[in-house]
Each structure stands twice: as C-alpha cells, then as structure tokens.
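**Q** Just so you know, the sequences run in chain order A, B and C. For the first sequence, the numbering used here begins at 1 and goes up steadily by one. For the second sequence, the numbering used here begins at 1001 and goes up steadily by one. For the third sequence, the numbering used here begins at 2001 and goes up steadily by one.
Just so you know, the hints here were simulated from the structure itself, not pulled from any lab data. Don't be surprised by glycine CBs; every beta carbon is placed ideally from N, CA and C. There could be a bad hint or two in this list.
To be verified - Covered stretches of chain C (in silico footprint by chain B; criterion: 3 or more residues with CB under 8 Å from a CB of chain B, positions within the stretch not fixed):
(1) 2009-2020
(2) 2042-2049
(3) 2131-2145
As the list claims (entries may be wrong) - Which residues of chain C face chain A? A few of them, derived with a C-beta cut under 10 Å, are:
(4) R2006
(5) G2033
(6) R2066
(7) V2069
(8) G2070
To be verified - Straight-line Cα separation of at most 25 Å, DMTMM-like style, residue types lysine to aspartate or glutamate; simulated pairs:
(9) K2024/C x E262/A
(10) K269/A x D2047/C
(11) K260/A x D2053/C
(12) K2024/C x E37/A
(13) K260/A x E2355/C
(14) K260/A x E2034/C
Residues per chain, in single letters:
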Amino acid sequence: MSPAEPAPVTRERGLALLREMLRIRCFEDRCVQLYGELKIRGFLHLCNGEEAVAVGTMQAIEPEDAIVSTYREHGHAIAHGLDMQALMAEMYGKQSGTSRGRGGSMHIFDSRKRFYGGNAIVGGGLPLALGFALAQKLQRKSAITACLFGDGAVAEGEFHECLNLAALWRLPLLFLCENNLYAMGTAIERAEAQTDVAGKARVYGMPAEVIDGMDVFAVEDATCAAAARVRAGAGPVLLELRTYRFRGHSMFDAQLYRDKAEIEVWQKKGPLITLTTRLKALGLMSEDDYQRLEREARAEVETAVDFAERAEFEPLAQLERFVYAEQAP
Amino acid sequence: MSKQIVAPDVAVEAGRGTGVAPARMTYREAAREGLRAALRADPRVFLMGEDIGRYGGCYAVTKGLLQEFGPERVRDTPLSESAFVGAGIGAAVGGLRPIVEIMTVNFSLLALDQILNNAATLCHMSGGQVNVPLVIRMATGAGRQLAAQHSHSLEGWYAHIPGLRVVVPGTVDDARFMLAAALACPDPVLLFEHIFLYNMEGELSAGLERVDIDHAVIRRPGRDVALITYGGSLHKCLAAADQLAAAAIDAEVLDLRTLRPLDDATIMDTVRRTHRVVIVDEGWRSGSIAAEITTRIVEEAFYDLDAPVARVCTAEVPLPYPKHLEDAALPSPERIIDTVKSLLTRSEAG
Amino acid sequence: MQIDFRLPSLGADMEHATLAEWLKNPGDPVHRGEAIAVVETDKGLIDIESYEDAMVTELVVAPGARIAVGTVMARLSAERAAGAPAREAAAAAVPPQPLPSAGGPLAPAPKPPAPLAPAAPAATAPGRARLSPAARRRAHELGMSPEALEQRMAGKILHVEDVERLAAEAKARPSGVAVAPDARSAMRAVIGSAMARAKREIPHYYLGHAFDFGAVRDWLVRHNATLPVSERLIEGLLVIKAVALAAARIEGFNGYFRDGHFARSTAIHVGTAIAMRGGGLVAPALLDADRKDLKTLMLEFSDLVTRVRTGHMRSSEFMTATITVTSLGEDGVETIYPIINPPQVAIVGTGCVRERPWVHAGSMAARPVLNLTLAADHRVTDGRTGSRFLKTIAELLAAPEKL
Chain A
1 MSPAEPAPVT
11 RERGLALLRE
21 MLRIRCFEDR
31 CVQLYGELKI
41 RGFLHLCNGE
51 EAVAVGTMQA
61 IEPEDAIVST
71 YREHGHAIAH
81 GLDMQALMAE
91 MYGKQSGTSR
101 GRGGSMHIFD
111 SRKRFYGGNA
121 IVGGGLPLAL
131 GFALAQKLQR
141 KSAITACLFG
151 DGAVAEGEFH
161 ECLNLAALWR
171 LPLLFLCENN
181 LYAMGTAIER
191 AEAQTDVAGK
201 ARVYGMPAEV
211 IDGMDVFAVE
221 DATCAAAARV
231 RAGAGPVLLE
241 LRTYRFRGHS
251 MFDAQLYRDK
261 AEIEVWQKKG
271 PLITLTTRLK
281 ALGLMSEDDY
291 QRLEREARAE
301 VETAVDFAER
311 AEFEPLAQLE
321 RFVYAEQAP
Chain B
1001 MSKQIVAPDV
1011 AVEAGRGTGV
1021 APARMTYREA
1031 AREGLRAALR
1041 ADPRVFLMGE
1051 DIGRYGGCYA
1061 VTKGLLQEFG
1071 PERVRDTPLS
1081 ESAFVGAGIG
1091 AAVGGLRPIV
1101 EIMTVNFSLL
1111 ALDQILNNAA
1121 TLCHMSGGQV
1131 NVPLVIRMAT
1141 GAGRQLAAQH
1151 SHSLEGWYAH
1161 IPGLRVVVPG
1171 TVDDARFMLA
1181 AALACPDPVL
1191 LFEHIFLYNM
1201 EGELSAGLER
1211 VDIDHAVIRR
1221 PGRDVALITY
1231 GGSLHKCLAA
1241 ADQLAAAAID
1251 AEVLDLRTLR
1261 PLDDATIMDT
1271 VRRTHRVVIV
1281 DEGWRSGSIA
1291 AEITTRIVEE
1301 AFYDLDAPVA
1311 RVCTAEVPLP
1321 YPKHLEDAAL
1331 PSPERIIDTV
1341 KSLLTRSEAG
Chain C
2001 MQIDFRLPSL
2011 GADMEHATLA
2021 EWLKNPGDPV
2031 HRGEAIAVVE
2041 TDKGLIDIES
2051 YEDAMVTELV
2061 VAPGARIAVG
2071 TVMARLSAER
2081 AAGAPAREAA
2091 AAAVPPQPLP
2101 SAGGPLAPAP
2111 KPPAPLAPAA
2121 PAATAPGRAR
2131 LSPAARRRAH
2141 ELGMSPEALE
2151 QRMAGKILHV
2161 EDVERLAAEA
2171 KARPSGVAVA
2181 PDARSAMRAV
2191 IGSAMARAKR
2201 EIPHYYLGHA
2211 FDFGAVRDWL
2221 VRHNATLPVS
2231 ERLIEGLLVI
2241 KAVALAAARI
2251 EGFNGYFRDG
2261 HFARSTAIHV
2271 GTAIAMRGGG
2281 LVAPALLDAD
2291 RKDLKTLMLE
2301 FSDLVTRVRT
2311 GHMRSSEFMT
2321 ATITVTSLGE
2331 DGVETIYPII
2341 NPPQVAIVGT
2351 GCVRERPWVH
2361 AGSMAARPVL
2371 NLTLAADHRV
2381 TDGRTGSRFL
2391 KTIAELLAAP
2401 EKL
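Produce the complete structure using the sequences and hints provided.
**A** Pasting the structure below:
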C-alpha cells in the first residue's frame, strides 16, 4: 500500500477532531449516569478510550458508503453524523429513537446515513458487510463498505470466511479492526495463538496495516489512504487500529481480568490527552479552547437528554409491527 | 451401545438427615455448587467456555472456579463457538466429560451445525458405536431488555432434534442437581438456565442428593385447570396460581423439567384430572414446544378435555428493547390468569 | 446545591449490592468520573463514580450494608452549571399511556396488528351445540344421545357439568308422561280432524304385497353383530330407506296435493309414525332419507324417538314429511290399512312379521313373512303404478346390503 501524504496538522483540523471526540466522550459518560438511574436498560457497551478510532475512521467515509458496526457503536454513530437526539432517544427506548426505540444501545441503525447497525453477535456484521460490498461492486458503484469489528471477532469463523471471500471476489470492503486487546474478559493473547491481526489479513490476500488507535491524526490519515485504495477497485484492505477500552466491557463488569494499573497506563495516553498535548505543544490550541469545546459538547448531550426525556414511547398496540416490511421497497 | 455411566454419589452440604434447616441460596449459587461438585467428583470433568475463568462467567455462575480448579479444568476459550462446542463433542467421545458453556442460547446458533450434525447424530450415524456424553449449559430467555439478538428462547427448537436431551431446571433444587444427572447420561444434554432465575432465591430441599432428568413434577396440585410450563415461566405460573386461588380457581402447576423427552405419562395424568390445560412457554407461539405438547394431549387424552388446550407464548415479534413492549410480548402472570378465566367461562359456541 | 447520590444500576439484572468501602470522607472533594465508593456485586467488586464535581457532605450508608439499586448512599453538594437543570433520579422506566402515534419516518401502520390473545375458534354450522370430548363421553355413560343434546342445546358449548345437569333434569321428570293430559286430548282432536279430512278428500286406493322377509332378517342379524349396541339397526329402518329409494325412482308418491294439483317434491322426507307414551301417534320426518346411509338414519331415528318420548319436538318437524311409513310394531296384527296424512299422497304400512307356511326354494317351509301395504291418492296415481312402487320396495328390501 503506497503511503499517502498525511494531511497537515492544523488548528482547524485538530479542533474539529477534538470536538468530535469530546462529543463522544460526553455522550458515553452521560450514558453511565443514565444507566445508573435506570433510564437506559439492557446492555450498555461504551467506547471511552476508543474515540480516536471512531472519529478518525469516519473522516474517510463518503455519503454513499455503507457502514456496519458492533454493539459498541455509539462513537461510530456520533462521528458519522447521526443525530444525537435521536440517538439518545433510542437509548431511552423512545419512539423518536433511531430504531423507534426497538433496538436500544446495541442496535443503532440509520438507513439514510447508511449506518447498518449495531450488531450484538460478535462477528455477525462481517458477512453483512460483505454483502453490501458485493452489491456495490455488482452495481458498479464507487461507494465502499466500512466494517468495524473488535479483536474478539477475529476468533469467530466468520472473520476468516469473510476475509477470504472479500479478497477472492475483490470486493470494496474496508475492514477496520478495533483492537482494544480484550474480548469481553479475555485478553487477546489468551484467545489468539497469533495476535497479529494485520498479519492474518495479509495471509488472506489483502494489504493490512497496524495503526496507533490513540492518535486520531494517524487513524484519519491511514483510513483515508486505505479507503482511497479500496475505492479505486483494488480489493479489500484491513486496518488494525490498536486502542484500549477505559471502562468495562459493559456496564456490569467487575473487571477481574485486568489490573487497574494497566488501565491507568493507557488512560495517560488516551486519545483526548494525546491530541490535546500535541496541539498545545504545537501552539495550536489553549486550555480555554478545550474547556469551551467540552462545555459545548456537554450542552449538546444535555439537549439530547432533554429530547429523550420528553419523547414518547411507542404505543403498546403497535407491538407486532416491523416484523415484516410494511412498504414495498 | 455403551453402558450407562453413572456419576458417583455427591455429598450434600446442607442438612443430610441431620435435622438442619434447608439451605437458602440463589439459583446462581446452586448452579455453581453443582459445577463445583461435578469437578470434585470426577477428574474427567472440565469446563470450557467464553469468559468462564478470569471474568468469572457472564452471569457469575463460574466465579471462583478457576481459582479452585485451575486453567486446565476451567478453560477460557476464544469467541469460537463452533470450534469449542465441536471440541467438547470430540473430547466427550474421546473419554472426558466436558461441560461446555455457551454464554447464551443466542450465540449457540454459531455452533448449531456441531450440535445438530455431530452431537445429536454421531450415535446414530455410527450405528451405536459412538456416544456423546457431553453437557452444554446455556443461559436463555428474555425480560432484561436485551433486545432482539439477545433474548431468544430456543430450547423448544432444540427439543425438536432426536439424539439430544433438553432439560430446563426451574428451581434451586434442579439448578443444583440436574447437572449431575446430565453428566451421568451417555447422550448429549442441553441444560438451559433462564437469565431471570439466576437472582432467584430458594431453599435447597433438606436431604436431597440427586434428581432425575426424566420426569415432570407437579409443583402445585390443583383441580380446575393445569398450567403446564418450564424454566423461566415456572415462577410466573406459580404467581398466577396464587392469584387464581383467591378467585376460587384451583390451578395445578406442572413443571416439565425435561423438554426432550417429554414426560407424557405425567402430563396426561394431569390432563385427566384437570380437564383444562394452559401451556406457558416463552418460545414464540408458532411451532413452539407448547404446540407439540398440545398435539400430544390431543393424541393421548382428547376425551378428557373439557375445553380446547390454550397456550400463553411470546408474541410473534423479535423482542423489542423498550420495557413496556417487551413485557407485553412475553408471558406474564396477568396473561396466564386471563387465559385461564376465559377457558373456564366460555359457554357460547362460535 | 444538595445532590442525593444513589446506588446506580450497573447491570441488566443487578438489583442489590453491598457497600464494601467508601473512598471518600465527608468534606472531601470528588470529581466527575472519580470513584467515590466500592460495592460488591454478584460479579465482584466494582467502583462507582460521581457524576458531578462536588464535595461529599454526608455518608448515609455504612460499609457492609446491602442496599437496593436507587438507595441514597451519600449526599454531595455541588454548584450546577447554568442551563443544566437537576433531574430527578427515576424509578423504573415509566410505562406509557397508549398515545396516538407521533408519526415517525415511516408511514402509519396500514392495518392494526394481530391481537395478542389466541385466535377464537372458527364457528361451526350455525345453531349446532358442541360438546367437549369429555362431555361427549359422559353423555354416553349416562345413556344420553350426544347428537340429541347437540340439537337441543343449539348455539351452546356443553361441558361435563352441563351434561350431568341435563341428565339430572331428565331423571327428575317422571317418565312416560311427556305431555300433560290436557295437551293429550288436544292432540287427539288434531289427529282426528286430520284423518277425517283425509278420508273426506282423498280417494284412497289400497294395495298389499306379502313377501319372505327371511333373507333380510338374516342379513340384519349378521350386520348388527358387527356394530356396537348403540348403532344397531332395526327392521323398520330398512323399510324406511327402501320406501325412500323407491319414491325416488317412481313418480307420484312423494309430494303434496294442494289447490287441485300434485306438486312433486324432489326432497324425500319420510314421515315416521311413532307412538307416544300415554297414547297418540306422531309422524315426524327423517329428512332426505334417500340420500343418507343407514347408520345416519338410525341415529336420527333414535333421536326422534327420544325426543318424541320426552316431549322435545319442534313443530317444524311435523310439517315436512313428503311420504309416510307406518308400522304395527312387534306385536300387532299382520296387515295395516293406513290413512294418508294430507297433503301427502301416499303412505306405506308394514304389519307384524309372522312365521307362515310358504313356498321356499320349491318346497314348503315356515318362513317369516311381511305384509307390505300401500295407500295412495287416486288423483295422482293408479293401481298399476302403485303396484310397481310396492314391488320396488320389496325388491329393495330383498337386497338389504345395498340399502
């Protein structure tokens, strides 16, 4: 893969990326509280620490591209521009949520933005993404499909089947492995005899690269370059984005499987700190900028919470709708 | 055909004929005790599954077992259901006694080929040369707003398959002791634990040392109507029966305990005495195990029926996330009571 | 401002936790996201964090206490940023009222969803009652005809207790007195008037035919041996069926004479004379007797008899016969010369079957002989046609297995 020119680091670019990451961080933190207050129920998987992956990758996505993600998709959805109010309403289970409240945290969909979930089965989205890419190729579109998944999915059979097929059929599929080093409570070295995910992809016949998932600039640059290659028709590419999850796998996680010390080490090199430190060192931003952006992000989240609080639940009489399509496509 | 393999006697800590009060514990704790007893009793027994070791188990059932028995016998696996379930099958055929945990029935679909085409079928395909003494434990059921992909009740589906045994402990006693009976069975046993039951507290019967996995049990005798159910719906039926008693309707509650094979004799005995039946089953209504039981009642006890067999099942919709929709879709004591009352008062034909 | 810090729900099935340790004391500041306490859950020890920058003012719950989700654990004081109003911690999610749809991105539902209650059973033929299987069995045990019950209790579902109640009621009614004496003499008057009219208006002609009934009897004995008691046929039923079939083949004996002319009936409803207890004779119809098999006719006949004897007839049943069959029963005389029931145009009678000397297979033998008689309306048919009709009946009876 020819290394593309990294985009220049500017104040404008930096603050824009920081703003997006703060929107995600504030959303996730607010969700913790709302879950504790029983407003959000079910399973809640948060992406604190992984904001750079969400924001950096989504910069490479064009409006016609399709995205398939996992149950830890709030960051991807926010960075891709899904409406935060509708997103929060979905968390609440309200009718004005992105899936009319039917799906909840793990099943975020927005067909207009081509965001196709939100999948609760590890590895379950990969075959779906394969299909989108196949359709795009057969329909001669210039669009691509971005498939986000974690290191846990690498163990599932679907991962291997899909990488092989995507390469064999030269599909416009961008595999984005968000490797946060844990599949729920199982560290990657306890699940994989060979932990080099990018290496596995190469063996299946596609270019692959390891990227520092805490550096949003690096993520953006790499994803744009990979996307351009896929868009040009050269077949699939895999990026292994190494990152870390600051919170538990889901809300109810005593985290017996990792040390607090390890979490603290990673928190010190988290995406917000990494970007802020670099921009400040380059004289491109001040602490005031940070405070302002954080305030704005929290205010936006609060507006979304207001919206969700006031929104209505779907009437009970409609329980059995949406099992089958109601309109001919 | 291999000999029946019988697990050695398992000592019971609580009150074995000593006059000690029965132990009170949660279903989760009872299940954990069953696993611990199995690991202690037979060195061939080992556990395999996702996050059962260091994480302590998704529902905390296996918490502490890794520390007690070590990583050889409590094995964390990668997220490779097909591979590790298949490995469980092979290990069982190869002489060990694995207890495989599939985190939930929702993920078992990834291992369906191994379960159906290997575990259920090897004995028959080999003309009886090979048997598969494997136990697979799975969490199942809905009611915690886990949405469409995490809320399935597929035990009825699995009960469709010859070659498998399907058991559904609904009480603390059964959570404690059904595992041992499953391990003693020479054939593959799927053991389903409803997620709502894990926190449920109950009393372990004093002096109880074993249970079978062949029979249904009457949990509450009655005269006017029978509520036939299993697993996560058992407590709903018992609650409904209490409320019906206040309305002078005496409901019998029959806990099926095994879905494959079904205990026809006990079921029909209940039908013959009560003449009216409501089957409560958390599977979706169409093609449910409730449908199978209804048909068997028609086949074997038709002339004892004083009313059509009724079913309370899950509505025909993937489980939605919002609480009010999920509650409306699932069986509930209210729906059970309404169904019983309509059975007893219908007198106009057509 | 004062903030109540409550035990958060940390999991889908978490209901309680035990406070293991406070990480802060009263007077300590705590930052948003910083751990304030450690609680013990089924899954292990978990830190819980403050959602605000605040100062701890009071610790409400002591370590070791087991508390429910939502319990106030501590009180904090904080300055809230403007524009972010305090929100009350909720209890469980509020179940909504069923409101009209706010109209999401999709079109409104095209049709209401299927009801959650199980589907109501399809209606059967209107008017029929239905017995549950257990009720049906109980009816048999009590000697009641389920079909009779079904006819009587049209539109109802009958359960075991209904059958038992009906049986008790039937028992309570004294047997044999189906009709009050007053009603009986009224009936006598009605019959008398009808017979007088018949004799006045209808020019009767009479034909008789005697024939060997032995083969029929033998067949019947053999046939009945294969049947349960409740289904066994009587001889009279074979006659009824034979008459019906004959009436289908030969014109002029099945229908009504009214307003000066004969209207034949395509449907053949055979009136069956039945004696009532305490005197009186009625002849309700077996409908479509030519089209039904013997088994069905027998059931219907039994039902008619039951209802006649218990007084549960419907007036319509007296109006529909298109031809009548009458008999003298087991111990009457050999021959009956019946009177036609107007507006019918024929009536067939059977005497009591008697052993008589007969030529059988070329020599004398004692054979059971039946005298079959026909009374018919000479305005519609004559002796020649009547003779053919009677002979046809005899021929049909001679091949009972084909009836």
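**Q** Evaluate each hint against the coordinates.
**A** Hints, verified against the model:
| no. | hint | in the structure |
| --- | --- | --- |
| 1 | 2009-2020 | holds (count 3) |
| 2 | 2042-2049 | holds (count 3) |
| 3 | 2131-2145 | holds (count 6) |
| 4 | R2006 | holds (8 Å) |
| 5 | G2033 | holds (7 Å) |
| 6 | R2066 | violated (17 Å) |
| 7 | V2069 | holds (7 Å) |
| 8 | G2070 | holds (7 Å) |
| 9 | K2024/C x E262/A | holds (23 Å) |
| 10 | K269/A x D2047/C | holds (22 Å) |
| 11 | K260/A x D2053/C | holds (22 Å) |
| 12 | K2024/C x E37/A | holds (21 Å) |
| 13 | K260/A x E2355/C | violated (113 Å) |
| 14 | K260/A x E2034/C | holds (13 Å) |
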